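Undergrad: Residue numbers (the numbering used here), protein chains in the order written: chain A, 3 to 167; chain B, 40 to 196.
Everything labelled a hint here was simulated from the structure, so no lab data went into it. Check each hint, because a few of them may be wrong.
[Stated by the list, open to error] Calculated cross-link-like contacts (lysine to aspartate or glutamate; reagent style EDC-like; alpha-carbon spacing at most 20 Å):
#, chain 1, residue 1, chain 2, residue 2
1, B, 194, A, 97
2, B, 194, A, 75
3, A, 36, B, 192
4, A, 34, B, 192
5, B, 91, A, 75
6, A, 12, A, 75
7, A, 167, A, 157
8, A, 34, A, 131
For clarity, every value in this text was computed on a predicted model and none was experimentally measured.
The primary structure of each chain is shown beneath.
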Amino acid sequence: MNFLWQNFDKNEISILILMTIAYALFFVLPFKFKREITWLLMLLGFTIGVFFDFTIGGGLIDFFTLNDTNHYELFDFCYYLIFAPFSYFFIYFYDMFNIHKKTFIFYILLWVIVGVSMQWVFTKLGIVEFQNGYKIPFSFAVFLTTQTFTALYFELIRSRFQVLK
Amino acid sequence: MAFTVFFVSAWLIVSIFTIIPKRLTLIENTFIFLTTSVISINWTWIINEELKYVKITEDPANYAGFLFFRSVIIPTLLMVQLNLYSASSSTIKKGLVIAASVICLLLLTISSRVLDISTYKDWNLGFDTVYYVFLHFFSIGVWKIIRKFTHIEVKHS
Numbered sequence: 003m004n005f006l007w008q009n010f011d012k013n014e015i016s017i018l019i020l021m022t023i024a025y026a027l028f029f030v031l032p033f034k035f036k037r038e039i040t041w042l043l044m045l046l047g048f049t050i051g052v053f054f055d056f057t058i059g060g061g062l063i064d065f066f067t068l069n070d071t072n073h074y075e076l077f078d079f080c081y082y083l084i085f086a087p088f089s090y091f092f093i094y095f096y097d098m099f100n101i102h103k104k105t106f107i108f109y110i111l112l113w114v115i116v117g118v119s120m121q122w123v124f125t126k127l128g129i130v131e132f133q134n135g136y137k138i139p140f141s142f143a144v145f146l147t148t149q150t151f152t153a154l155y156f157e158l159i160r161s162r163f164q165v166l167k
Numbered sequence: 040m041a042f043t044v045f046f047v048s049a050w051l052i053v054s055i056f057t058i059i060p061k062r063l064t065l066i067e068n069t070f071i072f073l074t075t076s077v078i079s080i081n082w083t084w085i086i087n088e089e090l091k092y093v094k095i096t097e098d099p100a101n102y103a104g105f106l107f108f109r110s111v112i113i114p115t116l117l118m119v120q121l122n123l124y125s126a127s128s129s130t131i132k133k134g135l136v137i138a139a140s141v142i143c144l145l146l147l148t149i150s151s152r153v154l155d156i157s158t159y160k161d162w163n164l165g166f167d168t169v170y171y172v173f174l175h176f177f178s179i180g181v182w183k184i185i186r187k188f189t190h191i192e193v194k195h196s
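Produce the entire structure from the sequences given, and follow the hints as far as they go.
TA: Take a look at the structure:
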C-alpha cells in the first residue's frame with residue numbers, strides 16, 4: 003500500500019498547480035479578517051471537504067474515487083487543502099462586495115456554479131472519478147448546502163464578533 | 040435498531056450541548072468541533088478502511104448509525120466535555136468530566152459492536168480507550184492554543 007501516490011501523473015501535478023495558485027492568491031490578497039477568523043474560514047472549508055468526501059465519496063456510499071484509488075493518499079489530503087482557501091475566498095468576496103439579503107441568493111448561485119465547474123475540471127484532470135451512479139448535477143445539492151451554510155455561519159459570527167482587522 | 044440508538048444518542052448529545060451554559064465562545068466551540076471531526080473521520084477511515092482492524096457493517100441503516108457516531112456524536116460530545124471541563128473549579132472535577140465523557144464514548148463503542156455496526160478484527164477496546172483519551176486531551180490542547188493565540192472581541196450591541 004502506497005500512502006503517497008499510485009502513479010505520479012496528471013492528477014497529482016494538477017493538484018500541485020491548483021494548490022500553488024490558490025495559496026498564492028491567499029497570500030497576495032490583503033488580509034482583511036482577524037487572524038482567528040481567517041483560520042476558522044480555512045478550517046471550515048477543509049473540514050467540509052473532508053466531511054463530504056469521506057461520507058459520500060467513500061465507505062458504503064462511495065460515489066467517487068479520488069486520485070486513482072479508493073485508498074487514502076498524500077494527494078487526497080492535498081486535494082482537501084484546496085477547499086480551505088476556496089472557503090476563505092468565498093467569504094472574502096462576500097464581505098468585500100457587501101452581500102446582503104437582495105444579493106445573497108445570486109452570490110450563492112454564482113459560487114455554486116464555480117464549485118460545480120471546478121469539480122467538472124477535476125474529473126477532466128483525473129483527480130475525481132465518479133462511480134455508483136453519481137452524476138455531476140448532484141453536486142449542485144452539495145455546493146448549495148455547503149455555500150449556504152458557510153454564508154449563514156459567517157453572518158452569525160459577524161453578528162457576534164469583530165471579524166475585520 | 041442501531042440506527043435508532045445512534046440517531047437518538049446524536050439528538051441527545053446535541054440537545055445537551057444546546058442547553059448547557061457555554062464557557063467557550065462560538066468561535067472556540069466551532070474550532071473544537073471542526074478539528075475533532077477531522078481527527079475522528081480520518082482515524083476511523085485509516086483504522087477501518089486502510090488497515091482493516093475493524094470491519095464496519097454493510098447494512099445501510101446501521102452504516103448511517105456509524106456516520107452519526109463518527110461525525111456528530113464524537114465532536115459534539117467533545118464540545119460538551121470542554122465546556123464542562125472549563126467550568127470545573129478543581130482538578131478532580133476536570134478529571135471526572137474527562138472520565139465521564141470517555142466512558143460515554145466507550146459505552147457507545149460497545150453498543151456499536153453489540154448492534155453489529157462494527158466488528159473487531161485486530162483491535163480491542165483498550166486501543167479505543169487510548170484513542171478517546173488522546174482525543175480529549177487533543178481538544179483541550181486545541182482550546183488552550185486558540186485562547187493563547189487569538190484575541191476574540193465580542194460585539195456589544
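Undergrad: Now tell me, hint by hint, if it's right for this structure.
TA: Now for the hints, and whether the structure bears them out:
no.: 1; hint: 194(B) with 97(A); in the structure: 17 Å, holds
no.: 2; hint: 194(B) with 75(A); in the structure: 43 Å, violated
no.: 3; hint: 36(A) with 192(B); in the structure: 10 Å, holds
no.: 4; hint: 34(A) with 192(B); in the structure: 15 Å, holds
no.: 5; hint: 91(B) with 75(A); in the structure: 16 Å, holds
no.: 6; hint: 12(A) with 75(A); in the structure: 15 Å, holds
no.: 7; hint: 167(A) with 157(A); in the structure: 17 Å, holds
no.: 8; hint: 34(A) with 131(A); in the structure: 36 Å, violated
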